[in-house]
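Full structure from sequences and hints, please.
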Amino acid sequence: MVGEGAFALDPLVVGVILAMTLVTALTKVGGLWLLRRIEVSERLEAGLSVLPGAIVIAILAPELATGGPAEWSAAGIVVLVMWRTESILLSLCGGVGAVVLFRAVG
Amino acid sequence: MTRTDGDDTDPSPGAHADRASDEPAADSGSPVADDREAITFDRAGVRAGFLTCVPVALGVGGYGVAFGMLARRAGLSVAEATLMSATVLAGAAQIVAVELWAEPLPVATIVLTTLAINLRYSLMGAALGPWLERLSPLRSYGSLLLMADENWALTMRDLKSGSGRGAFLLGTGIAIWCFWVASTIVGAAAGGAIGDPAQYGIDFVLAAVFVALAVDLWEGYSTLVPWLVSLATAVTAAELLPGRWYILLGGLAAAAVEVVRHGR
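Sequences listed follow chains A and B, in order.
This note's numbering puts the last residue of the first sequence at 108; the count rises by one with no breaks.
This note's numbering puts the last residue of the second sequence at 469; the count rises by one with no breaks.
If you're looking for bench data, these hints aren't it; they were derived computationally from the structure.
So, partial list: chain B residues that the calculated Cβ filter (under 8 Å) puts toward chain A:
#, residue
1, 260
2, 410
3, 420
4, 439
5, 460
Where chain A lies over chain B, by a calculated footprint (3+ residues, C-beta under 8 Å):
#, region
6, 325 to 337
7, 346 to 357
Treat the numbers as computed from the prediction; the structure is a model and nothing was measured.
Positions of the beta carbon are idealized from the N, C-alpha and C atoms, including for glycine.
Next up, the structure:
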């Protein structure tokens with residue numbers, strides 16, 4: 003099952019992985035690093051406060067747009083379960099179950 | 206944006222400090238004190254984050270298996286795929302990177318694409334700023350290194366509820382890391398034994414997490430304008446631009462509109 007060379011570490015590949023690690027780490031800490039160095043006015047704070055929701059919508063919108071009725075209906079189920087129960091786990095189970103079901107019938 | 210080290214015209218940090226000393230701990234735990242509750246960083250917070258994240262991390266594991274399989278197909282060894290998951294810890298970027306994998310290795314393309322896909326993390330880290338900036342650099346930056354989309358979302362939800370659990374991000378990050386690395390090994394080792402992940406709806410987990418989160422983050426009609434701006438920007442940008450620039454652009458457009466609206 004695990005073929006020969008499964009444990010091989012090519013120096014170039016390791017180098018690329020480390021470079022990817024470095025740029026990713028910079029993006030992860032960069033936002034807070036900047037925030038600690040600039041004065042946050044009330045207006046900027048208002049802008050930052052809408053970021054979480056806006057990013058969630060920005061991640062979701064194109065993903066759902068490329069989906070079909072099965073995905074849209076399942077997303078509706080998630081909204082409903084989340085709204086009613088406020089439980090992430092129940093919403094996830096409901097959504098994933100619904101998408102499998104809707105894809106099967108659709 | 207004014208830099209603190211060059212311009213002292215805005216006295217707001219001092220005002221913050223005064224306010225905090227006038228009302229010592231009186232408002233901790235009260236839902237009214239949304240951004241001034243005490244921030245803790247302890248084992249209980251790590252534990253709460255870890256446990257909350259396990260069901261979500263299971264979904265992340267689905268992606269990890271897919272990544273492991275893709276990485277093997279692209280020519281990486283099990284050890285290399287595992288190393289990438291353990292150090293990079295960025296699902297979308299890793300999956301795109303192994304799609305770009307070729308002989309000879311397009312090093313610059315892979316690294317630049319990784320940067321572009323992950324720029325959104327800066328925005329997400331900044332969104333956690335109101336809480337994290339009150340922790341020490343080691344704790345805040347250390348926790349941020351374990352940030353991924355899913356545990357950022359859970360942490361945002363927890364901190365917005367006023368829990369004040371500064372270690373929550375670290376706990377969720379540990380859960381994500383464990384499941385991501387373990388599932389990468391499974392996917393890379395098992396290869397083609399597992400069929401199409403879409404068959405089990407695993408591909409829908411990420412979308413479901415974010416729909417649930419949107420329900421949580423909805424704050425009434427004041428949220429409507431920034432969200433519509435973000436939606437329109439993201440859908441348009443996704444059509445016109447490669448990669449995941451649309452996430453960054455959607456967030457920035459909404460924040461910009463809010464900054465303008467606030468001045469009115």
